[in-house]
Every structure is written in C-alpha cells, then in structure tokens.
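Using the numbering used here, you'd call the opening residue of the sequence shown number 1 and step up by one each time.
Read the hints as simulated data drawn from the structure, not as lab findings. Accuracy of the hints is not assured; some may be wrong.
Computed list of lysine-lysine pairs in DSS-like fashion (alpha-carbon distance at most 30 Å, straight line) [as the list claims (entries may be wrong)]:
1. Lys90 / Lys44
2. Lys107 / Lys17
3. Lys17 / Lys118
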Amino acid sequence: MEDGSRRIVDLLVSFTKADPAIYVEKWEGQFAIEIKDTHLVDSKKISQMKQKGLACLEFTVSKWNVKDNFNNAEDEEKQIVEITENLDGKNGGYIWGELLVDPISRKYFGTKFYEDEKREKERVIAELN
C-alpha cells in the first residue's frame, strides 16, 4: 500500500481474458476475492484497495455447505459431485457477490476518454454538414 503496509487477500486472481473483455484493461488483469464468511472486509482495507487500484469482490461460501469431516468416502464423493454440479450447472462459471472496489485503470480511462471525445467531435462534424 502507499503507506508501506501490506494486506492479505483471500484470493488474488490474475487473468488475460474476460467477458466482457474490457475488464482485462479496466482492472489491469487482476482482482481480489474476499470470503465474507471468514471475516468482513473493513473500510480501511477497502480504502487501501481503492488507492492501490485493486478490484475486490466479496462473496459468501456458506451456501456451499462444505464439510471437512465425513462418515465415509461415499459422503465425501457426494459433496464433490454437488459442488461440481453447482459450478457447472445453469450458473456454471459464475460466482455472485458484492463488488466492493471497482477501479478504473489509467489506460482504460484514457481510452474511454479518447473514444468519448472522438464520438463527440464526429457528432459535431455531422451536425455541421
């Protein structure tokens, strides 16, 4: 962080592709995932992530009901199948949560600003013709 302190996130995701693709540029190819069930993200951490320009999604895993002790291998396999079906089912590939920090990189802002300005100038030219 700018003050020299360090912060730990539950999961830091780096990516080169996204849908929509603009998030690669907007978030500079990375974002943090925080698990709400273990601890809520405090306002200081949110502020520090904003300063750093790090996108942050907070979500709950309690609905997954993940157990770590089983009566037998069959129960463990059943849980693995249920979780896999949730990840691959109708909402496969998606997690739902609250976006705590949605930064805009300088590169993205510059590009968007340029495109907006270009559209405005084209509109003015079209009106003059």
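Hint check:
1. Lys90 / Lys44: violated (36 Å)
2. Lys107 / Lys17: Holds: Lys107 and Lys17 sit about 16 Å apart, inside 30 Å.
3. Lys17 / Lys118: holds (26 Å)
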